[in-house]
Amino acid sequence: MESLSNKKKVLEVKPLNLMERAYLPAIIGGLATTMKHFFRKPVTISYPEEKREFSENFRGMHSLKRDENGKERCTACGLCALSCPAEAITMTAAERQKGEEHLYREEKYAAVYEINMLRCIFCGLCEEACPKEAIYLDGDIVPADYLRKDFIYGKDKLVEAPLNQ
Amino acid sequence: MGTDLIFRIVLIVIIFLISLVVAMYSTYAERKIAAFFQDRIGPNRAGPWGILQPLADGGKMFLKEEIIPTNATPFLFIVGPCLAILTACIGSAVIPWGQKMVVGGHTIDLQVTDINVGVLYIFGVVSLGVYGVMIGGWASNNKYSLLGAIRAASQNISYEISMGLSIIALLMLTGTLSLKEIAEQQHGANWNVLRQPLGFLLFIVCAFAETNRTPFDLPECETELVGGYHTEYSSMKLGFYLFAEYINMFISSAVMATLYWGGYNYPGMDWVLAHTGPAIGPLIGTVVLFAKIFLFIFFFMWVRWTIPRFRYDQLMDLGWKILIPLAIGNIVLTGVVSTALKHFGF
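So the protein sequences, as listed, match chains C and X. With the UniProt record's numbering applied, the first sequence covers 1 to 165. With the UniProt record's numbering applied, the second sequence covers 1 to 346.
There's no promise every hint is true.
Said to hold, decoys possible - Looking from chain C toward chain X, a few residues come up when the C-beta cut is under 10 Å (computed):
id, residue
1, 15
2, 35
3, 42
4, 46
As the list claims (entries may be wrong) - Listed next, the stretches of chain X that the computed footprint assigns to chain C, with coverage defined by at least 3 CB atoms under 8 Å from CB atoms of chain C:
id, segment
5, 29 to 37
6, 322 to 334
In short, the hints are calculated from the structure, not lab data. Ideal placement from N, C-alpha and C gives every residue a C-beta, glycine not left out.
Same shape as in the complex, but just chain C:
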């Protein structure tokens, strides 16, 4: 039958000649190929010591940002939690008291802010949803751990370090 794609190719199987049947030239060729690899630079990256370079828009661990005066930007509006397709984010809002103005930028802040790193799919929708530019996925790879409960990251791990320290 006529081939429709016109890509059909009939292969001819020739019997091996004596040189090919002796196998030795082919074996020597193979040994030369492996020897070439022997002296090639290894492609291994010894992970914890050496890290691969990430692309600029790599999405890693979340961080809760502070503004230029070191106040927490998050106002606990809950838009990130709402936008999260994996339902990884949860928070409890609290009202800012007198004397806490240097800690929180708005009158309302997140007293508890938790992300379950086992649920998070690192899509970055929380980043997009945030009206206060408070959350960014600009961290490293989330490290391994032994217990499920240890993957629920609270504010202690998420909030950026204060400015003057």
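On the provided structure of chain C, position chain X as indicated by the hints.
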């Protein structure tokens, strides 16, 4: 006589230790070399560059649970790996490791024993090696083990024939079975491989088959036979089987180096010997011999990561239909050529 005996015993212990250490570090070298061939870096966590890796592996082997299957024959099950490692170790007794050393008036022979049937002794020991595998596979009372053992045994027996035939052509030239004399005849660069290139090729192919190395590593086969004859083995008994393979590799490298590549001889050895004296000079020859052995071990590993394994029928075809006729042809050729050369007065 008394001092001679002490020298011998010390030499035996040293050779035994060296073969164990070489086998131990062959496992490390195998992993490292495999890594280099695959553009990786290999084990590098235990100690600098991972050189403590064999110790870690050994410790792991000793600490693992030892399982003897209910339906196995306990005595034979334990004898199997012991026999495998025993036969691997005793092969080194007749290998000449160097020339006679003279230290403080004492002549030290760097060979445990120079029996006049050294080559036959090696062959005897090699054929005994089959028993370790066969008994282990049989005693496991497991069909995979048994099939693996049968495969290993038939492979070893088939390749022993062509190995023996390939060596006959060499013995026709040397006229002796003593490894010491064979080594002495290759003084300088007068190596047997120059006179017996085909014989050496046949011998090295058979050596690969005898040590169960790729491309002849059919006794173990994950897809068909699980682990082959050592499927039921665990802990250090498994370690013994694996270890025996590496010792066999070391010994067969030493035999190949001695029979075909001049043993401890190297070009310009007379000059070196005259300048370093009879105490140090022979040791340089020993170092040269070990360099050759390590090159062969490297070659074993190099081939392992290059050539895919044979199918079992192809293996038998190669052994019986190609290697044996070639070996017989080599004997005839050697006989004709050496007689002709003698006749025409070369």
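Against the structure, the hints:
1. 15: violated (16 Å)
2. 35: holds (7 Å)
3. 42: holds (5 Å)
4. 46: holds (7 Å)
5. 29 to 37: holds (count 4)
6. 322 to 334: violated (count 0)
Hint check: violations occur at hints 1 and 6; the rest are consistent with the structure.
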